[in-house]
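Participant: Single-letter residue listing:
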Amino acid sequence: MSAPSLASYIAKRPMLKRWMMPIANWYTDAAGYRKLGLRADDLIPEESETVQKALKRLPPKEAYDRVFRIRRAFQCSISHSLLPAAEQVKPEEDVEYLSPIIRAIEKEAAERADLDNLVVKR
Amino acid sequence: MLSRSTISRNAPRALQKQCSAVNGRGMASAATGLQYDVSESAGVKIANREIAGPTGTLALVAKAGPRYQPFPGFSDALEQFAFKTTLKRSALRITREVELLGGEIASSHSRENVVLKAKFLERDLPYFAELLAEVASQSKFAAHELNEVVIKLLKYKQQALSANPECQAVDAAHAVAFHRGLGEAITPSTSVPFEKYLSAEALAEFAQQAYAKPNIALVGSGPKNADLSKWVGEFFKDLPSAGSSSQYKLQPNTASKYHGGEQRIASKTGNAVVIAFPGSSAFGGSSYKPEASVLATLLGGQSTIKWTPGFSLLSKATQGFSQLRASAKNHAYSDAGLFTITLSGKADQVATGSKTAVDILKKIAAGEVASEDIKKATAAAKFQALESAQSLSTGLEATGSALVSGGKPYQIGEVAQSIDSVTEAQVKDAAKSLLSSKASVAAVGDLFQLPYGEDLGLTV
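Just so you know, the sequences run in chain order A and B. Under this note's numbering, the residues of the first sequence are numbered 1 to 122, in order. Under this note's numbering, the residues of the second sequence are numbered 1 to 460, in order.
Just chain B, with the same shape it has in the complex (with noise of 0.2 Å):
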C-alpha cells in the first residue's frame, strides 16, 4: 500500500504536469479526427470522418421525427419498419446476410430525426450502403408486417414508456412548452389512439417524404471519402428526390415557439416532476447559448465520480435523500432547446427535492455560487458536448439533423471554444433570465404530495 505522505507529496505535482500538457496541445489537435468532411453524392448529403480502423459506421438521418410526422404513431412505425420486406428481398434475407457479413443494424428515433443505423467491417461497405439505400427506397410497407409485427412492438414501447414516470414527465414538460412540433411525444401514451391513424399505404406514402434526397444525410465514420461518396452515389440516385404531395406530408418546419403550463397526470407507477425553462438549441441553431449547458452541468445531480455526490449543485444538496433522483439536462434541437431539472423517486422527497432545485436556481441568480464551481462545470460542459460529438451513438445523429437543418455540419472545435468563454456573469445572467421567463411544469404521480409549480415560487 502506498502511504498516505507519497500521494500527499506526488498529487499535486501531476495534477499540475496535466494541466500543462492540456494547455499545451490546445483545441487543434483534440479536434482532428474528429471533424466530418461534407460532401454531396447523387444530390444527397454526406458527412463523413476518415478513421484507420477495421471497422465503420454509416447511419442515415432523416428529419421524420414526431416534429414532422403528420399522424401520431408515424415516426415510431416508419422507425420499425426499417430492415423489414423490401421489394428485392424478405426481413429474415436481411438479417440473415447481416449476421452472416457479421454486421449490426438499428433504427432509432429521436424528436426530430429517424436514424437507420449500420455497423460493419471495413469491406462491407457496398452491402450495407445498398442496404440503407434499399430500405429508404424500396421498402414494401406490407399490411401484414404492420399488423403483426410492427402495431405490437408499437404497443410494447407504450407501455414502457407509461412503466417510466420520468420519461412520461419528460414529455409532458415537452408537450407544455412547444405544444405541437417539438411538443409531440417521442411516443404516443397508451391512451393515444393511434390505430385509427395508421395504415401501411399511409406509411409508404409518408416514407417517400421522409426519405426523399432534400429530407435526408448520410454521415459516416470510419470509411475513406472516396469510396462512400462512390457507393452512396451509385444506390442513392434511384431515391426521389420529392415525395408525391397527399395527406401524409411531414408537417412543415416552422420555426418552434415556447409556450409555457404545467401539466399534473396521477400515476401509480412512480413519481417525477419536470421544471422546464426555455433553453439553448444544437450549435449553429437561432438560440445556441454555452451558458445553457454550463448551467446544467452546474446543477448536475448525477455524478461522474463514484462514491462521492461531486460538486454539482443538486447533488450536493440532495444528499440527504436516500430514494431521489435528480439531474439537469439541457435538451437541445435544431431551432430551440428544452432546459430541464429532473426529480424522481419517492412522492415526499421529490416533492421538497423540487422545492430545493428552484432555491439553487435562484442562488445562483443571485449570484451566491462559487467561482470554482463554476470553472468545474465549465470543464464538465466541455467534456460532455465533446464527447457526445465523439461517440457513435450521439455524434452521427447531431451531425447528420446539423445537416439537414442547416447545412453545416457540427463544429466541435467552436463548440468547445464557446463552452470555454462562458463567463461567471453569463451563467448567473442565464439562471436569472430561467426564473423571469414562464416555466413548463409536469408532475407525474401521487399528485396529492407533488408540487404545483406555483408553490415551487415559478412563474407558470
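With the rest of the complex left out, here is chain A (with noise of 0.2 Å):
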C-alpha cells in the first residue's frame, strides 16, 4: 500500500521522535489536504482490492462523510479556492478511520497465505 517509510523506525525511539515531530507537523500542514477539508485517510489510492474491500466495511456514516469530504475538496479543486479557516480539517480532527479496517485485512491475507503455505510435520 506504501513506500518505504523511516516512519516506524522514527516512532520507536521517543528521543527522535520528539526532534522529528515538529517537522512532520510542519510538513503534514503544508501538503495542505486540510485546507481542502480532507484526512489524510481520504488520500489512500482506492485501486486495490484490499481498500475496496475495507471501503465496504465502514460504517454507513463514516462513509457518507467521507464522500461528503471528498465532493467536497473537488469542488474547491474546481473554483481554485480554500475552505474557510473555521471549516478545514484540525489536525486533531485528521485521525484513521480507513486504516485500521485495511490493516486487518492485510492481516487476514497474510494469515490465509501463511496457513496455505505451512508445511506439516508430524
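Watch out, some of these pointers could steer you wrong.
Unchecked claim - Okay, derived cross-link-like pairs now, DSS-like style, lysine-lysine, Cα gap no bigger than 27 Å in a straight line:
#1 A:LYS35 with A:LYS90
#2 A:LYS107 with B:LYS152
#3 A:LYS61 with B:LYS196
#4 B:LYS88 with A:LYS121
#5 B:LYS157 with A:LYS53
#6 B:LYS155 with A:LYS53
#7 A:LYS56 with B:LYS196
#8 B:LYS428 with B:LYS438
#9 A:LYS56 with B:LYS157
#10 B:LYS88 with A:LYS107
#11 B:LYS140 with A:LYS61
#12 A:LYS107 with B:LYS84
#13 B:LYS152 with A:LYS61
Claimed, not checked - Listing some non-contacts, in silico: residues in chain B with all C-beta distances to chain A over 10 Å:
#14 ILE51
#15 LYS249
#16 ALA266
#17 LYS268
#18 ALA425
#19 TYR452
Said to hold, decoys possible - Among chain A residues calculated to face chain B with C-beta under 10 Å, some are:
#20 LYS56
#21 ARG57
#22 ALA104
#23 ARG112
#24 ASP116
What the hints contain is simulated information worked out from the structure, not anything from laboratory work. C-beta: ideal position from N, C-alpha, C; glycine also.
Fit chain to chain and form the complex, with the hints in mind.
Facilitator: Below, the structure is given as C-alpha cells:
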C-alpha cells in the first residue's frame, strides 16, 4: 500500500520522535489537504482490492462523511479556492478511520497466505 | 438359487428363534451403553456416555432456538456465527486447525435449541472442548462477517425454504397451532424483514444470554467421564452465569398453548397440505403420550422396506397415487407436541389424499383397524424411539434439550417400556381425542385445488 518509510523506525525512538514531530507537523500542514477539508485517510489510493474491501466495511456514517469530504474538496479544486478556516480539518480531527480496517484485511490475507503455505511435520 | 420350499420351511423357524432371543434378552442389556451419565462441572450440565472407540463427539446444546429468540432471524444468525472469528483466532484458522486435526464441526438449530457439534479423534478432546468454550464465550460477532457471510447464507436458507412447500406448510401449521413460541418459523420466510432487527451488537448480547451457564448443556458420546468433566471444568469456567439484561434477552419460557386454525399460502413451487393436532411432548414433558408415536407409525406413510408399501395405513391407502408423498409424524418438544399428517405432491392427488388420511383417522377412532397392525406399529414406534436416541444426529440434541429444560436426561429404557405398554384402546382413544380437538390445517400451493379444513371434515 505504501512506499518505504522511516516512520516506524523513528516512532520507536522517543528522543528522535520528539525532534521529528515539529517537522512532521509542518510538513503535513504544508501538504495542504487539510485546507481542502480532507483527512489523510481520504488520500489512500482506492484502486486496490484491499482498499475496496475496506471501503465496503466502513460504517454507513463514515462512508457518507468520506464521500462528502471528497466532493467538497473536488469543488474547492475546481473553483481554485480553499475552505474558510473554520471548516478546514484541524490536526486533532485528522484521525485514521480507514487504515485500521485496511490493516485488518492485510492481516487476514497474510494469515491466509501463511496457512496456505503451511508445512505440516508429524 | 434357493428353492421355494426351502424358504417356506425355514422362514417360520428363523422368525421363531429371533422372537425368543429378543424376549430372552429383555430391555436391560439393550439399554446399557446408551444411557447417559449426568454430572456437572464448573456449573455446566454434562451428559456423557462412554463408548470405547477411537472417536468422540461433543455437542453444546443451548436453549436458544426460534422459540426463545427475541427477534426473527436471531437463532439462524447465531447458528451461522458459530466457529466464526473469536477474540483469540480467526474463522479461517479454526477451520484449518480442525482440518489438520481431522475433526468435524457443525452447527444447527431446531425450534427449541441451537446445537454446536464437534466430532474428533479421542486424543483431541481438550482442543475441541476449548474450541466450543471459545465459540460460546469469545465469539467476536464482527459486523463485516454478519454482512459478508451470515446474512447472505441466511438469504440462501430462506430461498431454499420458500422452494420447499412441505417445510413451509409444516412451519405454517406450527404457527397456527402455537402462535408465538413454538409457532415461530424455524427460518424466517423470504418476506420477513429480519434485517431491520439484526445487528452485530444485538447478536453479541443475545449470544451472551444464549450461551450463559444455566442455558446450556454439554452432551458427549465417546470420551471418558473423568476426562470430559476435567476439560469442561477448565475451559467453561469463564462462561458467564447470566447474560446482561437488555432488550435482546431470551424470550421467557412460557408454557406452550395449543390454539389451532387454518392457514393457506399460495405458491407455485409445489403443493403440500399439513393436518396437525395436539400431539405428545418429548419424554419427561408434561403431556407425554406414548400412544401418539404409535399412532404416527400406524398411519406411517413412509415404508421402511423396499418395493412394498408396508403395513402402515396411509401408505396402503395412497398406493394408487403415483405422485403423492404422505407421512405422519409426532413433532415432540419439551412441553408440547404437534401430531402432523403431511401430504405433498400433485395438487389433485394431495386433495384426495388428505381426505383419505382423515377418513383413515376416523376409522382408527371407530376401532376399524386390525390389532395386528397396531402391534406392528408399536414395534415400529419402539424401534424409532430407540434408534433416534442411539444415533448421534438426534440423540445428542434430545439428551441436551431434556437436560436444559428438565434437568433429567432421556431415559431410554423407560421410553421403550412406555411404548410397549400402549394398548389398542389407548391408540383408538388417541385418535378419537385428535378428531374431537381443534385441528391446525396448512395448505401451500395451488389453493384452487387444495381443500379447506372444513371440507376434510375437521373442526378448525
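Participant: Let me make sure I understand: some of the numbered hints might not hold for this structure. Which ones are they, in numerical order?
Facilitator: none
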